[in-house]
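2 protein chains.
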Amino acid sequence: MTDPNDLRAHLERLDAEGRLVRVTRPINKDTELHPLVRWQFRSDLPENQRKGFLFENVIDSSGKRYQHPVAVGVLASNPAIYAVGMQCELSEVPARWKQALSNPIEAVLVDSGPVHEVVLTGDALDAAGEGLDAIPIPISTPGFDNAPYSTCSHWITKDIDTGIRNVGNYRGQIKGSRKVGCYNQGGQHFTLHLDKCRKKGVPMDAALVIGPPPAVSYAAVQKVPYGVDELAVAGGLLGEPIPLVRCKTVDIEVPAYAELVIEGRVNPDWLEPEGPFGESHGHMHPRELSPFLEVTAITHRKDMIYLSFISQVTPSESSVIKKLGYEPMLLGFIRDSVGLSSVVAVNMHEPMTNLRKVIVIKMKNPSQPEVWRALSAVTTFHQGVGKLVIAVDADIDITDMDAVLWAISYRCKPHEDMQILHGREKGHAPPFHYMGGTTEERVQYHEEATDSCLLVNATLKTPFPPVSLPKQPYMERALEIWKELGLPEVRPKYPWYGYSLGQWDTELEEEAELAVQGKHHLTGDKLAQRKVKV
Amino acid sequence: MTDPNDLRAHLERLDAEGRLVRVTRPINKDTELHPLVRWQFRSDLPENQRKGFLFENVIDSSGKRYQHPVAVGVLASNPAIYAVGMQCELSEVPARWKQALSNPIEAVLVDSGPVHEVVLTGDALDAAGEGLDAIPIPISTPGFDNAPYSTCSHWITKDIDTGIRNVGNYRGQIKGSRKVGCYNQGGQHFTLHLDKCRKKGVPMDAALVIGPPPAVSYAAVQKVPYGVDELAVAGGLLGEPIPLVRCKTVDIEVPAYAELVIEGRVNPDWLEPEGPFGESHGHMHPRELSPFLEVTAITHRKDMIYLSFISQVTPSESSVIKKLGYEPMLLGFIRDSVGLSSVVAVNMHEPMTNLRKVIVIKMKNPSQPEVWRALSAVTTFHQGVGKLVIAVDADIDITDMDAVLWAISYRCKPHEDMQILHGREKGHAPPFHYMGGTTEERVQYHEEATDSCLLVNATLKTPFPPVSLPKQPYMERALEIWKELGLPEVRPKYPWYGYSLGQWDTELEEEAELAVQGKHHLTGDKLAQRKVKV
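Protein chains in written order, with the numbering used here: chain A, 30 to 563; chain Z, 30 to 563.
Okay, chain A solo, but in the shape it has when bound:
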């Protein structure tokens, strides 16, 4: 039983496009699996060559062979793979997001679905090697992680007052055959739901969904406003409702075509140490006191595919998946909510810096106050967003930090064009209180306003001479010759031709034209008339 929008239909599409690597040799899920896929991100492999991986023969250190395959990198190893999952062209992704957020489509409840082909409850969960232990959950950061953690795992909970559901992507630490630790930061919707249950003295029902239709995952990892149902956003992305089934043991609905659901309850009165786990800020996130799920049922497809994704140091699958939705949202916020239409593009810088810290905005003919307002707007978008925020002109390729550094180097004076904004929180970042030692010391870290942000106005304030590269027609002609000579295939890097930045005139234009005609003596003779005595 498949669905055109489900994960396995997606894997078939990836395979057909040559974007899936099937690995049939034995792979140790705890020591080999993630490191292998990680090489796509920690090497000079071009982004467009990254693939999704399907491991069909998964073992562990004890030699145990798992019944189920593991997919990694299949949702968003690169933007092209993400577009396959969105079932649209890459260029259509921002419009898809805009459409989905303004026109979400409510999910629909159906009677049954393949996620219930296998239902395990009670003692079946506790048998040795069964239950959670039968699921091939890989270790993401072998050598540092203290357990297998689910990574692409969407926690569905409900607001006990309104019944409105939240779908949030949080990791899950496998602590026992029936226990999953849940990392969550203050302010996340999961935590808000749990707080409400604590006040009422009731446990919180939860379902951990793995491998739903990719659109659900794309929605789950985005920060959407509280009260907006991510499953309806996923429906909006697809243009049709997501079919749901009721869970077997808790009052939660889950996608009928998911691969796996872990049902359970969270006791709001107790916390346990959870972590450390490798995080997207590029460091091990230390142990903190966190809630945990006591598992009441596991349901999955008969031929379930376990889905994990590559997170931690960026770029990663996790950063690609976030970037593609996050950037249109930031741009929409600045243009539509703040009303600054001179901002024409944003780059939430990805490699190593995890999207949130270094943000570059491209502005078209802005006034200087607009530049500063835009820079400030970026810092207000979300908690922890903005450590280094840079505004550049429309001629700068904001995805190329060398070009951004060029703008900073030549178009700004630090004492006039940089400002430090105080009173910021550090956000999702070290340093952390040292978490070693006793339980009592492992307290939740509270954010304080002890950090700051550097705003950089690297736009042009005065006309500059043209960029010192040949004019476009000469470069285009030269590229034809380059190809005719059989030299290696190249892709242009912007700027690849010269253009005016305001300081040029018709006399210089005419002299340049004379020069390419071989008539530079005329210019020499003319300039000789302008000689001056020292």
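Keep in mind that the hints were calculated from the coordinates and are not lab data. Any given hint could be a false lead.
One copy or any two copies: either way a pair holds, since identical chains are not told apart in the list.
[Claimed, not checked] Here are the simulated lysine-lysine pairs, DSS-like style, with alpha carbons at most 25 Å apart:
id : residue 1 : residue 2
1  : K228      : K512
2  : K560      : K548
3  : K490      : K455
Guided by the hints, dock chain Z onto chain A, whose structure is given.
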């Protein structure tokens, strides 16, 4: 007549290593030649694939075919080509420089040399299409440059008081069949020599040398102290003296094995507009009043090869050639002259920013005052060096700006760890006084202390958790599997494995070891004993 150290011997070595592209089809020197080689620098072509080019069939827009070939990119399209020119391994280059500067070898005068195989003087210089017009000097930036300019042209002049020679690399604007405009900034040694001649009321002899032994070019483009003879430094680089011959019409000695020498005199009393010409700051450098050479003789080899290089927007041949000598000098200055041995490496950032503006220093276990002293030291090295100067720890790959931005994002707070240094000059950079209009307005730009520099201390001030990547043995094992699977060849990008940054302990180490053995339940059970009531 060749010499093992001359340009043609170098071209043979390049050819033997597959680093030379010979182009036999007709190429227009004014519109096609530089744009073609430019694609090596304005595309995604990897640096190690850049080549030297030898154009054997050079024409111009009138259809004229030149007798002589043109070489471009053969001195330093990439560091490997530079190492061929230095006749050593790339890793030996810094030591070569150190040796040459501390043990220069004086050039020796010889009776004759191949540079005098053809000698043109008097009327021979003025015949139509002869003299300067017979030399295939290409246009570097067609569409903007107002003439062909020599680029890799070393001006040799003498201090009229001491007789000590200077060899400086400046462009030369071809203004007529007997006139070459000379761009030079205040403070350069050429200008100092000319000032002395003006005071004595005598013209300055000069020789413009093109295509000497590559070691001479490598020395000529470096900033060496006033009074140090670049030809002796070149001898130090080679380990043997450079043979010189006396010029035919001026009191200057030039390399006997150069390809071409333009002899002449500069009248110190007169200036003419010179420029605009594309410069390494990435913009057209505007017209300024400058001295000019009146040609008295042209001498060259019978089968002369004209040598040009790719300058303007960086990276370029000009930036590669400077970087390889400039960085060891800056590092030596900080370590030896300032005495900060905690600085272990420097990166003068090259793409777009022209080495001088963005400088990253790598420090090993520095004290915090040492960090600030090192940052300040960088800004004192040379005029115009340092707009953004960043100190990072030894674990950061300073050649990877993503890693540097990672350090800035997580290891510093702008209000505590950044300082703006006022009173700086803008250096070799726009904006310029607008140079259009009358001659009188085209005055030399004088530097004012109106710019500033941002110093960034991005070193770790407190222990951090480990980098969230698998430990090295797991990544190494995974790379073996990667290769066994026949996946594309990749080169690791640092960091490619996790390592401690001080915040980790033996308990966490043990838990991670249990996890890869599949014994994470033991950890789960242990942590359950540490549960706390909310």
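task: Check K560 against K548 for me: Cα-Cα at most 25 Å, and say if that holds within a copy, between copies, both or neither.
output: within (20 Å within a copy, 86 Å between copies)
- prompt: Is it within, between, both, or neither for K228 and K512, if the alpha carbons may be no more than 25 Å apart?
  reply: Intra 71 Å, inter 56 Å, cutoff 25 Å: neither.
- request: Can you give me the call for K490 and K455, within, between, both or neither, at a CA distance of at most 25 Å?
  value: The answer is between: 15 Å across copies meets 25 Å, while 32 Å in one copy does not.
When the structure is compared with the earlier hints, a violation turns up for hint 1 alone.
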